[in-house]
Amino acid sequence: MVEISVDTERCVGAGQCVLSAPDVFDQDDDGIVTVLEANPDADQAAEVVQAERICPAQAITVREG
Amino acid sequence: MTGTDTSLADFPMRRPGVAFPPPEYAHFREQPGLVRSRLPTGAAVWLVTRHEDVRTVLTDPRVSSNPDHDGFPSLLGRTGGVPSPDTMPGWFVALDPPEHDRFRKTLIPEFSVRRIRQLRPVVERIVGDRIDAMLAAGGTADLVADFALPVPSLVISGLLGVPEVDRDFFESRTRVLVTTTSTDQQREAATKQLLRYLDRLIAIKRKRPGDDLISRLLAAGTITPAELSGVSMLLLIAGHETTANNIALGVLTLLMHPQWIGDAGVVEELLRLHSVADLVALRVATEDLDVSGQLIRAGEGIVPLVAAANHDEGAFGCPHRFDPGRKARHHVAFGYGVHQCLGQNLVRIEMEAAYQALFDRIPGLRLARPAAELPFKYDGVLFGLHSLPVQW
Ligand code: SF4
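Here the protein sequences line up with chains A and B, keeping their order. When we follow this note's numbering, the leftmost residue of the first sequence carries the number 1, and every step to the right adds one. When we follow this note's numbering, the leftmost residue of the second sequence carries the number 1, and every step to the right adds one.
Hint data in this document are derived by calculation from the structure and do not stem from the laboratory. Since the model is a prediction, treat every value here as computed from it, not as a measurement. Just so you know, not all the hints are guaranteed correct.
[As the list claims (entries may be wrong)] Cut-off 20 Å, straight-line C-alpha distance, at most; resulting in silico cross-link-like pairs (SDA-like, lysine to any residue):
hint : chain 1 : residue 1 : chain 2 : residue 2
1    : B       : Lys327    : A       : Asp23
2    : B       : Lys377    : B       : Arg14
3    : B       : Lys105    : A       : Glu9
4    : B       : Lys377    : B       : Gln186
5    : B       : Lys105    : A       : Thr34
6    : B       : Lys192    : B       : Asp86
7    : B       : Lys327    : A       : Gln44
8    : B       : Lys377    : B       : Ser74
9    : B       : Lys327    : A       : Pro22
10   : B       : Lys327    : B       : Gly317
11   : B       : Lys327    : A       : Asp43
12   : B       : Lys105    : B       : Leu218
13   : B       : Lys105    : A       : Asp29
14   : B       : Lys377    : B       : Val18
15   : B       : Lys105    : A       : Asp30
16   : B       : Lys105    : A       : Val35
17   : B       : Lys207    : B       : Leu195
18   : B       : Lys327    : A       : Val49
19   : B       : Lys327    : B       : Thr253
20   : B       : Lys377    : B       : Pro12
21   : B       : Lys327    : A       : Thr8
22   : B       : Lys327    : A       : Gln50
23   : B       : Lys327    : A       : Thr34
24   : B       : Lys327    : A       : Ala45
25   : B       : Lys377    : B       : Asp184
26   : B       : Lys192    : B       : Met233
27   : B       : Lys105    : B       : Thr224
28   : B       : Lys105    : A       : Ile32
29   : B       : Lys327    : A       : Asp29
30   : B       : Lys207    : B       : Gly221
31   : B       : Lys192    : B       : Arg15
32   : B       : Lys327    : A       : Ala46
33   : B       : Lys105    : A       : Thr8
[Unchecked claim] Which residues of chain B face chain A? A few of them, derived with a C-beta cut under 10 Å, are:
hint : residue
34   : Leu107
35   : Glu110
36   : Val113
37   : Arg115
38   : Ile116
No residue lacks a Cβ here, since even glycine has one placed at the ideal position from N, Cα and C.
The whole structure should be built from the sequences, with the hints applied where relevant.
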């Protein structure tokens with residue numbers, strides 16, 4: 001299990017998270033990140049960690065539990 | 001160290017070929033700290049070549065994109081003709097947060113993954129029309145002039161809301177602006193014509209809004225009409241030659257590695273491999289900072305090299321190998337930090353649509369000249385091809 005939080009103030013709307021983990025992240029009508037699944041399964045963990053790593057605004061925090 | 005130290009290596013360095021950044025980069029990555037180098041202007045700068053260091057520099061709030069700061073590096077003479085927030089309102093790539101954020105926030109809904117996916121049919125139609133035109137003209141083409149350059153300008157003109165009747169004018173002026181073989185005079189004239197055209201277009205959209213980006217930005221009300229000309233110009237230029245170079249180099253690389261044609265990882269790997277915008281993200285320190293043990297002083301110029309970062313062995317195994325199977329998305333071909341390319345998802349769609357249609361519809365596509373003899377843009381700010389003669 002991983003736990004995700006996002007800082008929508010920092011988000012610059014690059015959408016890298018959506019491309020990395022489309023079942024977990026989305027962009028709202030303003031282009032800002034939204035979390036579809038705050039506690040994704042272990043099999044999505046790699047994608048989520050990648051999203052955290054490539055987010056250019058460092059707006060995503062993932063805690064592994 | 002002063003700005004005219006002659007013992008420093010000259011920068012930029014030349015690439016040896018399509019998929020290779022300058023070989024000096026690998027050597028620089030092994031040096032402790034950062035490497036000092038000399039620009040054509042005579043000024044000294046810090047070169048950043050490690051993947052992690054490039055990301056650090058591009059996210060540090062003490063590092064600025066504003067060319068009005070003393071010490072800001074320029075590759076093209078004193079000011080380099082690069083617009084600054086003073087000379088062109090709305091040129092927000094040159095603004096730092098928080099001024100930058102108003103522009104970015106207003107624009108990001110237009111470039112979200114979902115919004116860009118909706119544009120896919122439009123992009124496919126433009127790509128298809130260009131291929132029709134090439135096929136109708138015979139068995140040979142210059143894939144740069146006949147395809148890679150017109151596609152992004154037709155896409156962006158459609159997005160901005162340029163009426164169909166003006167698209168040829170718009171496309172031809174844009175092409176002059178971004179083609180590296182144009183003279184300074186031609187380029188200046190094209191810039192003026194485009195700015196005048198955009199001003200007029202914005203005035204028309206104020207009176208009669210349509211379903212297009214300019215009308216929506218006017219309606220949002222957070223960007224003034226004067227700023228909107230600068231914003232439109234920026235969108236036009238930023239996405240243009242970069243996309244064209246990516247499309248053309250990608251076709252070349254796929255022709256050399258045809259087993260990968262159609263693979264889902266192709267676009268991301270081509271972006272990483274070619275890193276056409278290696279020299280684009282120039283910066284200056286506004287306070288002293290430390291990067292990998294190197295002290296950078298306030299007022300010193302910094303050049304984070306995205307091609308160097310994308311060919312860092314530490315981040316990508318066998319970095320010079322074209323391997324779409326590696327699925328490495330952590331490349332920094334679009335930059336990193338708050339200025340990371342706003343149009344990146346549009347570029348991806350354009351590249352995908354271009355390769356798919358080209359290789360589907362022209363299965364006999366091949367080079368009309370040996371790859372080694374192709375005219376690469378060795379001296380431009382962006383890496384790419386001046387032309388790509390093909391036949392079928
Ligand atoms: S990758 Fe980061 S900046 Fe881009 S949309 Fe996702 S959270 Fe926002």
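Comparing the hints with the structure gives:
no. : hint                 : result
1   : B/Lys327 to A/Asp23  : holds (18 Å)
2   : B/Lys377 to B/Arg14  : holds (10 Å)
3   : B/Lys105 to A/Glu9   : holds (10 Å)
4   : B/Lys377 to B/Gln186 : holds (19 Å)
5   : B/Lys105 to A/Thr34  : holds (15 Å)
6   : B/Lys192 to B/Asp86  : holds (17 Å)
7   : B/Lys327 to A/Gln44  : holds (16 Å)
8   : B/Lys377 to B/Ser74  : holds (19 Å)
9   : B/Lys327 to A/Pro22  : holds (16 Å)
10  : B/Lys327 to B/Gly317 : holds (12 Å)
11  : B/Lys327 to A/Asp43  : holds (17 Å)
12  : B/Lys105 to B/Leu218 : holds (14 Å)
13  : B/Lys105 to A/Asp29  : holds (11 Å)
14  : B/Lys377 to B/Val18  : holds (10 Å)
15  : B/Lys105 to A/Asp30  : holds (8 Å)
16  : B/Lys105 to A/Val35  : holds (19 Å)
17  : B/Lys207 to B/Leu195 : holds (19 Å)
18  : B/Lys327 to A/Val49  : holds (14 Å)
19  : B/Lys327 to B/Thr253 : holds (17 Å)
20  : B/Lys377 to B/Pro12  : holds (13 Å)
21  : B/Lys327 to A/Thr8   : violated (27 Å)
22  : B/Lys327 to A/Gln50  : holds (11 Å)
23  : B/Lys327 to A/Thr34  : violated (24 Å)
24  : B/Lys327 to A/Ala45  : holds (16 Å)
25  : B/Lys377 to B/Asp184 : holds (17 Å)
26  : B/Lys192 to B/Met233 : holds (11 Å)
27  : B/Lys105 to B/Thr224 : holds (14 Å)
28  : B/Lys105 to A/Ile32  : holds (9 Å)
29  : B/Lys327 to A/Asp29  : violated (28 Å)
30  : B/Lys207 to B/Gly221 : holds (14 Å)
31  : B/Lys192 to B/Arg15  : violated (33 Å)
32  : B/Lys327 to A/Ala46  : holds (13 Å)
33  : B/Lys105 to A/Thr8   : holds (11 Å)
34  : Leu107               : holds (8 Å)
35  : Glu110               : holds (8 Å)
36  : Val113               : holds (4 Å)
37  : Arg115               : holds (8 Å)
38  : Ile116               : holds (8 Å)
Hints 21, 23, 29 and 31, counting from the list given before, are not met by this structure.
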